[in-house]
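*Asks:* Work the whole structure out from these sequences, hints included.
In the working numbering, each residue's number is its place in the sequence shown (first place is 1) plus 14.
To be clear, the hints were calculated from the coordinates, so they are not data collected in a lab.
Beta carbons are placed, not taken as given, at the ideal position from N, Cα and C, and that holds for glycine.
There may be inaccurate statements among the hints.
To be verified - Computed Cβ-Cβ distance ranges for the label pairs, DEER-style:
#1 R72 x V24: 50 to 60 Å
#2 G58 x Q98: 21 to 31 Å
#3 R130 x V57: 16 to 26 Å
#4 V68 x L23: 20 to 30 Å
#5 L127 x E99: 13 to 23 Å
#6 V57 x S119: 17 to 27 Å
#7 V136 x R88: 20 to 30 Å
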Amino acid sequence: MTVALGRVLVPLVLCVVTLGVFARLQDFGPEGAVRAFHQALAVGDLRRIDELTVEGAREPWASWYVQTVGPLVRESDFVRVELQERVPRRALVLSTLGRGGWRLSTLWEVALLGGRWRVQMVRVLPPYNLRSAPYPVW
Numbered sequence: 015m016t017v018a019l020g021r022v023l024v025p026l027v028l029c030v031v032t033l034g035v036f037a038r039l040q041d042f043g044p045e046g047a048v049r050a051f052h053q054a055l056a057v058g059d060l061r062r063i064d065e066l067t068v069e070g071a072r073e074p075w076a077s078w079y080v081q082t083v084g085p086l087v088r089e090s091d092f093v094r095v096e097l098q099e100r101v102p103r104r105a106l107v108l109s110t111l112g113r114g115g116w117r118l119s120t121l122w123e124v125a126l127l128g129g130r131w132r133v134q135m136v137r138v139l140p141p142y143n144l145r146s147a148p149y150p151v152w
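*Replies:* Dropping the structure here:
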């Protein structure tokens with residue numbers, strides 16, 4: 015009985031530890047910054063946006079993203095974040111929002127500043143409707 019319990023318990027503990035490590039690590043790196051940025055947009059948390067962006071929450075871009083992208087994040091069934099390319103202090107991260115049949119993908123530039131990855135709000139490659147943006151784009 016003890017041997018059978020050991021055969022089940024050891025793999026179960028390893029499984030739980032592995033899942034816990036991977037769940038925790040999703041919040042680190044450039045992908046974690048973009049994921050946290052989307053979460054902050056969804057609830058309009060300007061303090062968190064200030065921590066997660068190069069430009070900061072006082073920039074007109076921050077309120078524009080909260081008003082424009084925040085509702086899209088809230089209405090999405092999922093937000094998928096994938097690293098596309100990374101060099102030592104910069105990365106490109108693709109985020110995809112989806113619900114039902116629609117998908118919206120955006121390529122974000124993320125920079126490592128002061129030991130933390132930060133989203134560059136003005137360096138996004140759209141599909142977002144940038145005509146309503148606070149500054150001219152490109």
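*Asks:* Now tell me if each hint is right for this structure.
*Replies:* Do the hints match the structure? See the list:
Range check, R72 to V24: about 53 Å between beta-carbon atoms, so the 50 to 60 Å window is met. Range check, G58 to Q98: Cβ separation about 27 Å, and the 21 to 31 Å hint holds. Hint check: R130 to V57, Cβ distance near 20 Å, so the stated range 16 to 26 Å holds. A hinted range of 20 to 30 Å is violated for the C-beta pair V68 and L23, which are about 47 Å apart.
Between L127 and E99, the C-beta spacing of about 18 Å keeps the proposed range 13 to 23 Å intact. One distance hint, 17 to 27 Å for the beta-carbon pair V57 and S119, holds here, with the actual separation near 22 Å. At about 23 Å, the CB distance of V136 to R88 agrees with the hint of 20 to 30 Å.
The structure is inconsistent with hint 4 alone, although it conforms to all the rest.
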